Amino acid sequence: GAVVSQHPSRVICKSGTSVKIECRSLDFQATTMFWYRQFPKQSLMLMATSNEGSKATYEQGVEKDKFLINHASLTLSTLTVTSAHPEDSSFYICSARVQEGAADEQYFGPGTRLTVT
Amino acid sequence: GQNIDQPTEMTATEGAIVQINCTYQTSGFNGLFWYQQHAGEAPTFLSYNVLDGLEEKGRFSSFLSRSKGYSYLLLKELQMKDSASYLCAVVRNNRLAFGKGNQVVVIP
Numbered sequence: 001g002a003v004v005s006q007h008p009s010r011v012i013c014k015s016g017t018s019v020k021i022e023c024r025s026l027d028f029q030a031t032t033m034f035w036y037r038q039f040p041k042q043s044l045m046l047m048a049t050s051n052e053g054s055k056a057t058y059e060q061g062v063e064k065d066k067f068l069i070n071h072a073s074l075t076l077s078t079l080t081v082t083s084a085h086p087e088d089s090s091f092y093i094c095s096a097r098v099q100e101g102a103a104d105e106q107y108f109g110p111g112t113r114l115t116v117t
Numbered sequence: 001g002q003n004i005d006q007p008t009e010m011t012a013t014e015g016a017i018v019q020i021n022c023t024y025q026t027s028g029f030n031g032l033f034w035y036q037q038h039a040g041e042a043p044t045f046l047s048y049n050v051l052d053g054l055e056e057k058g059r060f061s062s063f064l065s066r067s068k069g070y071s072y073l074l075l076k077e078l079q080m081k082d083s084a085s086y087l088c089a090v091v092r093n094n095r096l097a098f099g100k101g102n103q104v105v106v107i108p
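Chains A and B are the protein sequences, given in the same order.
So in the numbering used here, the last one in the first sequence is 117, and the numbering has no gaps at all.
So in the numbering used here, the last one in the second sequence is 108, and the numbering has no gaps at all.
Some hints here could point you the wrong way.
[Said to hold, decoys possible] Chain B regions said to be covered by chain A (calculated; three or more residues, Cβ under 8 Å):
no., segment
1, 44–55
2, 97–107
[As the list claims (entries may be wrong)] Derived pair list, reagent style DSBU-like, types lysine-lysine, alpha-carbon separation capped at 35 Å:
no., chain 1, residue 1, chain 2, residue 2
3, A, Lys20, B, Lys100
4, B, Lys81, B, Lys100
5, B, Lys100, A, Lys64
6, A, Lys66, A, Lys41
7, B, Lys100, A, Lys14
8, A, Lys41, B, Lys81
[As the list claims (entries may be wrong)] Residues from chain B that keep clear of chain A, each with C-beta distances beyond 10 Å, as calculated:
no., residue
9, Glu14
10, Gln19
11, Asn21
12, Thr23
13, Gly58
14, Ser65
15, Tyr70
16, Leu74
17, Asp82
18, Ser83
The set of hints was computed from the structure by calculation and includes no laboratory data.
Bear in mind that the values here come from a model prediction, so they are computed numbers and not experimental data.
Ideal Cβ placement from N, Cα and C applies to all residues, glycine included.
Starting from the given sequences, assemble the full structure and let the hints guide the process.
Next up, the structure:
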């Protein structure tokens, strides 16, 4: 099946620093990649939708200057959390969408747990 | 909000069958996913429904009624490893909106 990787899996950083998270589709090219954030015992919240070669579409309330998304190729998207603060500590998950004919599948990366101290 | 409703928690015995329901607003609907999520892990794809009817994949089946804004996930022959949160997610305008998930606890 389709595999999506994320790196790093865990990261601890100091307040005010920036953190980059990579999301890769390993054995397929993704039509679209999505970035989600999940706080404990809550649902996944979509942060942004990313299409290769174009600007990401951010959800309402998500600061695009704080959460920088770069979608360099059909297999790689990156999320950079700039000037991180403790309230940014969360589980960040990417997913890659594959649409072929009637099939529409979305595969998630393993997630990145960010802790800002 | 996206008004995707799921019951919050249920307990079932190993070997039993459970049905997890999901209701949603029908406007702009373009497909529904079911995912399994174990604590501390990312969701795992289970099924995708875009047309009415039942999709069967091994022990898991998913049903969709677009006119009713209703879907269910059926888990058969429950195993201990099936203890997890089950999320339904609705596709609208190329975006995926998740329900809060239904926590299933399987007991011996």
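Okay, the hints, checked on the actual structure:
no.	hint	in the structure
1	44–55	holds (count 4)
2	97–107	holds (count 5)
3	A:Lys20 / B:Lys100	holds, 27 Å
4	B:Lys81 / B:Lys100	holds, 20 Å
5	B:Lys100 / A:Lys64	holds, 25 Å
6	A:Lys66 / A:Lys41	holds, 24 Å
7	B:Lys100 / A:Lys14	holds, 31 Å
8	A:Lys41 / B:Lys81	holds, 19 Å
9	Glu14	holds, 25 Å
10	Gln19	holds, 20 Å
11	Asn21	holds, 16 Å
12	Thr23	holds, 15 Å
13	Gly58	holds, 14 Å
14	Ser65	holds, 18 Å
15	Tyr70	holds, 19 Å
16	Leu74	holds, 20 Å
17	Asp82	holds, 18 Å
18	Ser83	holds, 15 Å
This entry satisfies every hint, going by the numbered hints stated previously.
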